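**Q** Could you build the full structure based on these sequences and the hints that come with them?
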Amino acid sequence: MIFYAILLTPLLGIILFSFIRKARWAVSINLFISTVNFIAMILLLMRWQTTPSFFILHAHEQLYLDALGLIGWTLTTFIGMTTALFSYGYMLQNLQERRITLKRLQLYHLFYQSFIFSLLIAFSANNIGLLWVAIEGATLATVLLVSLYRTPEAIEAAWKYFIICIVGIALALFGTILIYFAAQTSLDPSHAILWNALALHAKTLNPSIMILAFVFLFVGYGTKAGLVPFHFWLPDAYSESPGPVAALLSGLLLNVALYALLRFQILTNLSLQNGLANHLMIVFGLLSFVFASLTLHHQQNIKRMFSYSSIEHVGIMTFAFGLGNAVAILSGLFYLIIHALIKSAIFTTVGNVMHLTHTQKIEKIRGLLKLNPWVGWLLIVALFAIAGAPPFGLFIGEVGVFLATLQTDPYLAIILGLGFLVVFAALLRYMQSMALGNPDKTAYPTPPIAKINLVPAGLHLLIVLILGLYIPSFFMQILKQAASLFIGQ
Amino acid sequence: MNANAIQLLLSALLLLTTFILLIQRRIDSMIYTYAWQSAFLSLATLAASFITPYQWDLFFSALLIFALKVIFIPWFLRYLSHRLSSKNPSDNATSLVARPFLLSMIASALVLFSYNLTHSLRTSTQLFSSNAIAIALSIILLGMLLIITHRKAVSHALGFMVIENGIFFAALILTRGMPMKIELGIAFDVLVAIILFGVFFFHLNTSIDSLDVDSLNRLREGTEL
Amino acid sequence: MALRLATLSIAIIFLSGLLPLLFSCAYQKLFSRLNAGLLMLGSLCALVAGCLALLNAAPEYSQTIPLSVLPMLSLQLKLDTLSGYFFFIVGLVGFAVAIYLPAYIQSIPHKKYLCFFTAIFMSSMLLVLLANNVFIFLLAWELMSLSSYFLVAHEHEHETNRQAAFIYLLMAQMSGICILISFGLLAKWSGNLNFNTFTHLHLSPTWTSVIFILGLWGFGTKAGLVPLHAWLPKAHPVAPSPISALMSGVMLKIAVYGFIRLSFYFLTIGNLWPLGGVVLFIGTISALIGVLYAIMQHDVKCLLAYHSVENIGIIFIGLGLSLIFQATNHPLLAALGLLAALYHCLNHALFKSLLFLGAGSVIQQTHEHDLEHMGGLIHKMPRTAFYFLIGCLSISALPPFNGFVSEWLTFQTALQSSLLANGLLRILIPLAAAILALTGILAATCFVKTYGMIFLGKARSISMHTAHEAPRAMRLSMALLASCCLFFGLFPSFTLAHLNTIAEQSIGYALPASGNWLWLTPISVQQTAYSGLGVFIALLFITSLVYFWWHPRKYKLVSPWDCGFGGLTERMQYTGTAFAMPIRRIFQAFWKITETQERRPSLHQPYQTQSVHYALHTDDWSWEWFYKPWRIGIKTISQHIAKWQSGHLRLYLTYMFVTLIILLWLVS
Amino acid sequence: MMNRLLYSLLQTGLFVFIAPLFVGIVKMFKCWLQNRSAPSVFQCYRDLRKLFHKQTILAHHASWIFRFAPYLIFSITALIASAIPFIVSPSQTVGFTDVILIAGLFGLSRFFLALAALDIGTSFGGMGASREMTVATLAEPALMIAFFSLAMMASSTRLDIITTYLSTHSLWFNPSMLFVALAFAMIAVAETGRIPVDNPATHLELTMIHEAMILEYSGRHLALIEWAAQIKLLIYTILFANLFLPFPLINQLSLSAIGLNGGIVIIKCLLLAWVLVLAETHLAKLRLFRVPLLLNMAFLLCLLGLLIHVIAEVA
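Here the protein sequences line up with chains A, B, C and D, keeping their order.
The numbering of the first sequence is this note's numbering, which starts it at 1 and goes up by one.
The numbering of the second sequence is this note's numbering, which starts it at 1001 and goes up by one.
The numbering of the third sequence is this note's numbering, which starts it at 2001 and goes up by one.
The numbering of the fourth sequence is this note's numbering, which starts it at 3001 and goes up by one.
Honestly, I wouldn't trust all of these hints.
Claimed, not checked - Here are the simulated lysine to aspartate or glutamate pairs, EDC-like style, with alpha carbons at most 20 Å apart:
no. : chain 1 : residue 1 : chain 2 : residue 2
1   : C       : Lys2188   : A       : Glu61
2   : C       : Lys2643   : B       : Asp1214
3   : C       : Lys2458   : C       : Glu2372
4   : C       : Lys2458   : C       : Asp2299
5   : C       : Lys2380   : C       : Asp2370
6   : C       : Lys2078   : C       : Glu2060
7   : C       : Lys2458   : C       : Asp2562
8   : A       : Lys361    : A       : Glu61
9   : C       : Lys2635   : A       : Glu363
10  : A       : Lys203    : A       : Asp188
11  : A       : Lys364    : C       : Glu2159
12  : A       : Lys370    : C       : Glu2159
13  : C       : Lys2112   : C       : Glu2157
14  : A       : Lys370    : C       : Glu2155
15  : A       : Lys441    : C       : Glu2159
16  : C       : Lys2380   : C       : Glu2368
17  : C       : Lys2592   : C       : Asp2299
18  : A       : Lys441    : C       : Glu2157
19  : B       : Lys1181   : A       : Glu61
20  : C       : Lys2628   : C       : Glu2159
21  : D       : Lys3054   : D       : Glu3211
22  : C       : Lys2592   : C       : Asp2619
23  : A       : Lys370    : C       : Glu2157
24  : A       : Lys364    : C       : Glu2157
25  : A       : Lys441    : C       : Glu2155
26  : B       : Lys1181   : B       : Asp1028
27  : B       : Lys1181   : A       : Asp188
28  : C       : Lys2635   : C       : Glu2624
29  : C       : Lys2380   : C       : Glu2504
30  : C       : Lys2380   : C       : Asp2619
Hints listed in this document are in silico derivations from the structure and should not be mistaken for laboratory results.
All values derive from a computational prediction rather than experimental measurement.
**A** Given below as structure tokens:
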């Protein structure tokens, strides 16, 4: 029941937002729906805790929720809620400043809930075709969110995002069809497209088709995840979208793409047994990591800078999953969760910063700590958190990835170490130039920031801090269940 | 003349139309060619629905394709391109399209490449599908090539639709189509995508005053934004 | 018991930092007192815990407190003699700093944050010492760097401070990554993250060397070994002085602790004496370069920071000798070297924090960092001047103070190189000892200059005239450290006897007898013997005798001789730069010297000079050689890479297309 | 044991007392060599007595360091004198015979002298202190190596043990010892401020080192510092005589041995004084920045000595 309740609440939102026109109502209802959604998720988690069911099948096996999906759901509903909280104040402000019209606000909420809905479907899809449809749906829902401001840059960014992603995702569809085809001989057509059946009979799948399929899936979903060299849409889309949308893109969309990639990695590994998928992921993970970490040094726009940081982290995660040993998978999963939390916190904070300084240019943002200590400290803490400093959760993930690397390929740890250093240098430099020092006194009058706008980022960082010091056993259990998908029981 | 031969013929026609699309420069004729290609695809689906008995799914698919891709999308694109630019809607070609021979050579190389790629699959499946999968794959690759070589936003939409056709064709010959639910989902997504294309054509037209995507290069690294 | 006390001390210090954040500004006075009190209490606990651990000799383990179901992420603590000894150092210096801090930070804005990060800093240092698994170690280690970063960046309005903080944290991060890899490799071989499984691992020589070098790199960066020292003279001066005292006096020792833990406890060096040779070489270079750069400084804290490089070099000379002797199967001498290094850790912590606190008092009173603007403060701040003098004497390794004892021990170790079979080592080690002697005398030169410029002569700027004696709390703290300097110089054998247990646990051998309360006889009476107390009493005796006998009962006070030109002004005094000029000329290859002299001729008479402008910059070569190439390299690469993102959509799709084709081609 | 302690104390007293005499002898030799009429060999004593009776003058802002330094410097030098193998090998219970400690004590006295020079705030004081520290910087490593090679031969850093070792093993003609001896002589010249490094007889501001530092001292303070400098010269002479020259000390406490030792030491000292005077007369004072060359030479010689010791003599 709860399962369907979670799925249907955003759907209800979609329907509601087709009618509601009053701005204050709309933002409140958006927040309300997202909160209800998250509360339902908590109920589901509690049930999961009492009956540690490994997976749940629904709707003629078309929907399926295992630990991996559960992580996705929890993240989606939680970040959905906090971002709704952030967009409450943010959108009203935008409306006041006439950056958006009432009609576009309606559109925003409509797409917001459809995005959440497609994500929930994607994370719980057992049918790999449905998975594709949901991710495509999430892409289409976000395209117009990216161009919400209708500035030439926003339109350009959205167009690039749109074209690159639909081409990429079309390739993923081809890969999906190939997998369906590979299963034709061993499974009956109605089951050949179901992930659990495929995973069960993975050894009987045609290996040569699986190789081809994985390449297409990798390029397709890799484009969505922002792996180098398919990442070019990402900085544009992140930088031009409104604050809450950037938070959603970085916190959720990236995860769903990675999630899809992981599903097929598991499948391919089970079927091929030669680690081809792993090799691909290691190579492209490291490539993304190195490429993004170097590019990070050459940024003028705060949001673009953070988008490169996202690419770099996706690279690390992909690399970790590619390593494939137990420590790597566990750290990778942990990393994924923490990264989503921190990154969306960062983008909401950046939204606040931009509200404070009216610019995205890094060199024009100065002395935040003196301008507004709350925002300044949030930015500093978030930046250190994303740079992998203790006592935040990412530190554990980072240590885990290193240890895992040393277990299997010690030499890669050198690249990893150098890359971390390069990234750290860049982030620290930007942090210092933005948060420390004296603000430009002449530049602008600084508007006050409502405390409520700081709550989402603060909440995320608090969770990340707690996870960095203490990992509850329930949480760890889910992680372990999810990890066991990768390495077998 | 058996059904296999019909399918073979249709697949050859699909490839041919892709080639024509690739080297064409006038938007209008590109849209027509696309309509023809979709029509062939629809026919192929229809043929498949006759080969395999009681496959009403495929029959519906054929109808869907016909309605969506042969009628609606070409009409929509034509409407948009005429509405948005008063000038002669031709794609201001890139250097590659200006040399159709070179371009078709590259395209042929891609076809060869995909044939070679699917070579390994031949042992595992029946002969026809493995040849046809090579054609499907080359349509997909050529669709990407189309996007890369053309500059107009409308051509990009067409390129995407060609890729989409290629994928559908692959699904058709490999697995006799996807399950109906998925088919519908994909069709819905395609519909939304084409509408989004339409929305974007308007936005692009207002923001950069043309549909030439090469003038979209404000967002890049290393320059002041 | 000791461990419980140690944990308690960490908790108290941590709590002391949380307090100021919780209290509102209305209770500022109360919380600052409470904060200082807790800090003192915590340091005292750490001090006592360290003593207890040293006396106990047997290591104590805590129960494993899981932080998660994963065994790797659990809180495992251990207090053995080595960590106990460093606990003692942290506690002692921390106690002095805690006395000093409240009076000092009166004049500093945002003291809330300063107190908070100081507490985090100290407790994380203590946690590093207690950590018994890789994860906790790294966590505490990184926290230590991070909290001290905020302390360095505390006055972030100044560009130089931000730069210093940046380079500091970056280097700290590098050290963290090196240590992570090094410990990770150990964990790979032992199959566990717990330090208990690391004891004396037998690895192949290659892996031993890799782990060792990575560890040396990591810990050496944090300790400030040349050429990885560049952050140190930038970061230490810009932090508030008590924090510099903590960083220089204690934090560097934590790095030394880590290195000792790795090389003496975890790894088995076997017969790999070149590893010890590397340490010896780097130590020697650091000692020499550190002191040479120190001489050229005229910012007092920068000068002290470079001296930290020097002293860390001396510590690593001791460690290197110890490793060499260990690898060549002379465990007794290895123990001696280790003891020398360990004792120098304590001594350096004492006199360096004394000097930083003294410098802090001067800076607080005069708001002046530059030696060239100081002078004559011995009349204004007589007590501070006295304590500072003791610090200067100790750091210059002059008897009977503590610095001399540890350098003497290092010399004694080096002199035993005649026992080695390897001829190369037999020559190179005395050479290293000669460089150590050079370092000692250069340090003395440097501190003659420092003391002379700050306290002696006439005031060189107006700000000196308004100076007063430092507040009582600050004097008390300096007095404490100064008397410790004297105490550990006079009674070394007591401490060394307890350090013997460390040597016994790590090397397996202890010195037979390090002497009685009067005599320090590290090897045998025949070899050598030293009595700090004896020297002190003899000097005291003879000096008082001479004084009472001969001191003139009447003085006549006059102006000094001015060569008949009339009126000596303070501008005619020798400056610090002038004082160091001969050294600069003799060793000029060591600095990047840019000397510019500009003569401005008079407008009316071209051959008459109106004014002369002279500028001298002595910069660190290591920036040119080890830092700039990286910076420029990364910048260039990043610019080139950025060109890929040209903004053309079709190009992006081409990248994707080509990658797809290549991948398909590769897998087929 | 007590006997030896007693002898040690006595010989220290003697040492301190006759140091001015030695300087007087050197001055007399010099006058002879330069065809001047020589003052009495006791002239130094007279100078000291005169200074002791003169009024002490202090600058207005002289601090306690300036006043205290002379006593400390004198006592340190006297303390070192007690550790020198003069006529009998010094007692172990005196306890300051460690060579590193001796170097350290010299450092301490130098430190205070330099501080005192900086205290008044005249440019002469600063100049002298700076030059003194520079010369010491160059001399110290060489001195250490010289001591090290002795210590390595005798496996001890204690001067009394080294002397005992030398009395049983005749080593002075070993090539390594010859090199080290030569180097030690150069170092001694530098450390005691003689020509060609410094000239104690002039007060030219361009050249003086030691004199520049003590320019502000007068009366008893000056007397103590002068006396300490004289003791220092004798210390280096005796060290050279008893460590590097043939006929080392006889390590017995009998009266005859002491007498013999005394005789030999006197002859050696006179010889050395003569050599010193010869050298000072024949050499011109070096420019300050030529001094490093001389001392580098000394360092090199020491190193060569050590090398030869390790390569040729040990194996």
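**Q** Take the hints in turn and mark each one as holding or not.
**A** Hint-by-hint comparison with the structure:
1. Between the alpha carbons of lysine 2188(C) and glutamate 61(A) the distance comes to roughly 42 Å, so the proposed pair goes past 20 Å and is violated.
2. The suggested pairing of lysine 2643(C) with aspartate 1214(B) holds, with an alpha-carbon distance near 16 Å, which does not exceed 20 Å.
3. At most 20 Å may separate the alpha-carbon atoms for a hinted pair to count; lysine 2458(C) and glutamate 2372(C) meet this at roughly 11 Å.
4. Simply put, lysine 2458(C) and aspartate 2299(C) have alpha-carbon atoms about 18 Å apart, close enough for the 20 Å limit, and the pair holds.
5. With a CA separation close to 18 Å, the supplied pair lysine 2380(C) and aspartate 2370(C) stays within the 20 Å bound.
6. This hinted pair checks out: lysine 2078(C) and glutamate 2060(C) have alpha carbons roughly 6 Å apart, not beyond 20 Å.
7. At roughly 14 Å between alpha-carbon atoms, lysine 2458(C) and aspartate 2562(C) fall within 20 Å of each other, so this suggested pair holds.
8. Straight-line distance between C-alpha atoms of lysine 361(A) and glutamate 61(A) comes to about 50 Å, which puts the hinted pair past the 20 Å bound.
9. With a CA separation close to 17 Å, the supplied pair lysine 2635(C) and glutamate 363(A) stays within the 20 Å bound.
10. Restraint check for lysine 203(A) and aspartate 188(A): the C-alpha separation of about 16 Å stays at or below 20 Å, so the hint holds.
11. The straight-line distance between the Cα atoms of lysine 364(A) and glutamate 2159(C) is roughly 16 Å, inside the 20 Å bound, and the hint therefore holds.
12. For the proposed pair lysine 370(A) and glutamate 2159(C), the alpha carbon gap of about 15 Å is at most 20 Å, so the pair holds.
13. With a CA separation close to 17 Å, the supplied pair lysine 2112(C) and glutamate 2157(C) stays within the 20 Å bound.
14. Note on lysine 370(A) and glutamate 2155(C): the hinted pairing holds, with a Cα-Cα distance of about 12 Å set against a maximum of 20 Å.
15. A C-alpha spacing of about 17 Å is found between lysine 441(A) and glutamate 2159(C), which places the hinted pair at or below 20 Å, so the restraint holds.
16. Taken as a hint, the lysine 2380(C) and glutamate 2368(C) pair is honoured in the structure, with Cα atoms around 15 Å apart against an allowance of 20 Å.
17. Using a Cα cut-off of 20 Å, the hinted pair lysine 2592(C) and aspartate 2299(C) holds, with the two alpha carbons roughly 18 Å apart.
18. Between lysine 441(A) and glutamate 2157(C) the alpha-carbon distance is near 13 Å, which keeps this suggested pair within the 20 Å criterion.
19. For the hint linking lysine 1181(B) to glutamate 61(A), the alpha-carbon distance of about 13 Å falls within 20 Å, and the restraint holds.
20. Among the hinted pairs, lysine 2628(C) with glutamate 2159(C) is consistent with the structure: their alpha-carbon atoms are about 19 Å apart, no more than 20 Å.
21. Proposed proximity of lysine 3054(D) and glutamate 3211(D) is supported: the alpha carbons are some 19 Å apart, at most 20 Å.
22. With a CA separation close to 5 Å, the supplied pair lysine 2592(C) and aspartate 2619(C) stays within the 20 Å bound.
23. For the given pair, lysine 370(A) sits about 10 Å from glutamate 2157(C) by alpha-carbon distance, which is consistent with the 20 Å threshold.
24. Taken as a hint, the lysine 364(A) and glutamate 2157(C) pair is honoured in the structure, with Cα atoms around 16 Å apart against an allowance of 20 Å.
25. In summary, the hint linking lysine 441(A) to glutamate 2155(C) is supported, as the alpha carbons are separated by about 18 Å, within the 20 Å threshold.
26. A hinted pair counts as satisfied when its Cα atoms are at most 20 Å apart, and lysine 1181(B) with aspartate 1028(B) does not qualify at roughly 33 Å.
27. Distance check on the hinted pair: lysine 1181(B) and aspartate 188(A) sit about 16 Å apart at the alpha-carbon level, within 20 Å; holds.
28. For the given pair, lysine 2635(C) sits about 16 Å from glutamate 2624(C) by alpha-carbon distance, which is consistent with the 20 Å threshold.
29. Simply put, lysine 2380(C) and glutamate 2504(C) have alpha-carbon atoms about 49 Å apart, too far for the 20 Å limit, and the pair is violated.
30. The hinted pair formed by lysine 2380(C) and aspartate 2619(C) fails the criterion: a straight-line CA distance of about 33 Å is larger than 20 Å.
Checked against the numbered hints above, the structure violates hints 1, 8, 26, 29 and 30; every other hint is satisfied.
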